[in-house]
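Go ahead and model the full structure; you've got the sequences and the hints to work with.
Protein chains: 6
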Amino acid sequence: MSTCYITRRETFNAAHKLWREDWTLEKNEEVFGRCSNRNWHGHNFTLFVTVKGLPNPDTGFIINLKDLSSIIKDLVIEPLDHKNLNLDVPFMAGILASTENLVIEIWNILKSPVQKAGGELAKIKLIETENNFVEYYGGNEPY
Amino acid sequence: MSTCYITRRETFNAAHKLWREDWTLEKNEEVFGRCSNRNWHGHNFTLFVTVKGLPNPDTGFIINLKDLSSIIKDLVIEPLDHKNLNLDVPFMAGILASTENLVIEIWNILKSPVQKAGGELAKIKLIETENNFVEYYGGNEPY
Amino acid sequence: MSTCYITRRETFNAAHKLWREDWTLEKNEEVFGRCSNRNWHGHNFTLFVTVKGLPNPDTGFIINLKDLSSIIKDLVIEPLDHKNLNLDVPFMAGILASTENLVIEIWNILKSPVQKAGGELAKIKLIETENNFVEYYGGNEPY
Amino acid sequence: MSTCYITRRETFNAAHKLWREDWTLEKNEEVFGRCSNRNWHGHNFTLFVTVKGLPNPDTGFIINLKDLSSIIKDLVIEPLDHKNLNLDVPFMAGILASTENLVIEIWNILKSPVQKAGGELAKIKLIETENNFVEYYGGNEPY
Amino acid sequence: MSTCYITRRETFNAAHKLWREDWTLEKNEEVFGRCSNRNWHGHNFTLFVTVKGLPNPDTGFIINLKDLSSIIKDLVIEPLDHKNLNLDVPFMAGILASTENLVIEIWNILKSPVQKAGGELAKIKLIETENNFVEYYGGNEPY
Amino acid sequence: MSTCYITRRETFNAAHKLWREDWTLEKNEEVFGRCSNRNWHGHNFTLFVTVKGLPNPDTGFIINLKDLSSIIKDLVIEPLDHKNLNLDVPFMAGILASTENLVIEIWNILKSPVQKAGGELAKIKLIETENNFVEYYGGNEPY
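First to last, the sequence lines map onto chains A, B, C, D, E and F. First residue of the first sequence: 1, per my numbering; consecutive thereafter. First residue of the second sequence: 1, per my numbering; consecutive thereafter. First residue of the third sequence: 1, per my numbering; consecutive thereafter. First residue of the fourth sequence: 1, per my numbering; consecutive thereafter. First residue of the fifth sequence: 1, per my numbering; consecutive thereafter. First residue of the sixth sequence: 1, per my numbering; consecutive thereafter.
Simulated crosslink set (SDA-like; lysine to any residue; CA at most 20 angstroms straight-line):
1. Lys66/C / Lys116/C
2. Lys66/B / Ser36/E
3. Lys73/E / Asn132/A
4. Lys27/D / Asn39/D
5. Lys73/D / Gly33/A
6. Lys73/A / Trp107/A
7. Lys125/C / Thr3/F
8. Lys125/B / Thr7/A
9. Lys125/B / Trp107/B
Okay, the calculated bits of chain D under chain C, using three or more residues with CB under 8 angstroms as the criterion:
10. 95-102
11. 122-132
So the derived list for chain F, only partly shown, Cβ under 7 angstroms to chain C, looks like this:
12. Met1
13. Ser2
14. Thr7
15. Arg9
16. Ile62
17. Leu65
Hints were generated in silico from the structure; no laboratory data involved. Every residue gets a Cβ at the ideal spot worked out from N, C-alpha and C, and that includes glycine.
And the structure:
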């Protein structure tokens, strides 16, 4: 079988802080270091969304990248870009704004719409800085 | 066991279009968008070929990268580089020139020669633009 | 004086060939090598447009990047993206499609509109492949 | 004469917004677009500091990069990294947090310390996103 | 389950050669090519260390990247950076300095300390040049 | 006038150390730090060679990149690639192997051959690591 994996890259910029209101300043700094700065800091995030499937014999496509890009932009980039992850993003409300938690929420948002567009979501990768990134496979076996 | 995966990068430039002769201009544009421009467009493609195996105790190599590079250049880069994927490439004749289909054909071409050189082809990754790439594991379980 | 230089990056994909109708096939191949393939090849081009000026005390901007991006997209990216440089691009008609010539024409197109938007065009840089790029300063002293 | 230019790269992450208190919300959004989000956004900034000089015959160095890196880290990265450009940075107090203005202030901070370390500051380049960056030569003729 | 994979990037520079004392010069050159130069050559190596786990509900972290970075720097970067892989590195003593062998040793060094820090080592990736890299999953099923 | 600048990228890997025989070990370590490791270290160097000129009306070229690439490979890459800068490179004999000194020697080697090929050498840029690079304009006014 010819299962392929296609990946679309999108980018967004956002502010955040790693901070728990139920911890003291000292505890926040001890655990989260510079990321706990109360006045926020921010990143250029790079998002990779991977979809698996068989190429459609009519088009050669697993999924039309125009459709995939539209889904990602409407559901993920629009609510995140030039926003504050802690204050502005409905789907992150009440969730600690770590990259791990953000990746899981992005998966949860994209899974069904990608399926409706004919693909199967396989992986979310989110690069926070050149020195760290997180990958998530939706609790499926990774690939 | 010490199974490792080694990857060689090669590059090529090519023209193509996404176009079906049995579809109208309007249908081609609707499905393939700007990629259906009848006068072609093109890309700098970046190809990653991954081979798995145990490091040879004599050399520390899974496969000699000089050999792997020669195989890729002779069988894939030479027929694709500075060519038109729709018109010039024997192994793409009659196949819609999508990245997905191209990746599958590159796998089919490389699988046996890599095996003869002592390795096992594990993955083909082809970057079409900075915003999209396709991966193929030959129908094996991905990794 | 606080003259700054701000640069906007845009990308486009295009097909082209280096070919002179008044030369034989042999002569074309001798001079232009693989770039003379009659069925075209192509690239992912990366364009950098640099504008100089003093930051506006009201905005901190030399030029509003939204305006600069719109100018570049309307006048340069739209006519070049997913096109054939030899066949589809009015401002390249009758001009050999080398990167050098393309850069000069992009300068000529952008110079006045950038000036009307309040900036001064300083440099065009066009990356054709990871191994070569061309820069042009409009015949002014380079910087 | 063998004047060379050596460049050191450093990185920092920060939040900011483009916002004037003396403008209405509407006016801020009209001019600064998404960058005016009142709850901030942020970037991974990449800073390039270029120093000119003659290689010292004893060391082959224009300036010792350990010294240059220490100067940049102490005077620029420490006050900017994981900070809010509008709220946390003494040398940006009262200054609109555009990339242009930030680059000029970084120049002003580094000029004398670089000179004391035996070099001559030649250029500051600051990349805000993959699509835009600003360069500043201190009001000298650019190079 | 929400198993995520987080990756930390670190870099080091080192000299090495591919050379067997029990082979003739000719045999070494035949197998190892230019990499057998007796006076050494070198690389900027880029190391990616991937850890899997569940995000801690208190912190949103699989593993604190400050801890992970310290472990990697102390145990891997410190002994490798600005060193000779054949002469200076205790954990490479008597081992042919191929990228494959180096990756396996880095895995062996990091596995337990990462576990003690609360994570599970999932993958080591080592980039030797822009054209080749090696990945190792510790003999586990790759992902 | 339509003076353009075209740049060719080439790469090489090499070992070196920063070390003076007439200094003590302590003095070498004090000045050169980790770069003084007596058993060498190494880098993936990236070289950018820039040539200025007018596009030839017949070809659209400042200089044929095939010719420029051959000159660079024969005169610079061949003697440097997979070599030891201190021991193996005739044109670096007796010269401290700093990036500054290496760039100056590469300029001196390329200047005449580039001129014979119809171009004018404008700039040499050599990237040693992602964090530092050196540029040289041959003692001419930089651009």
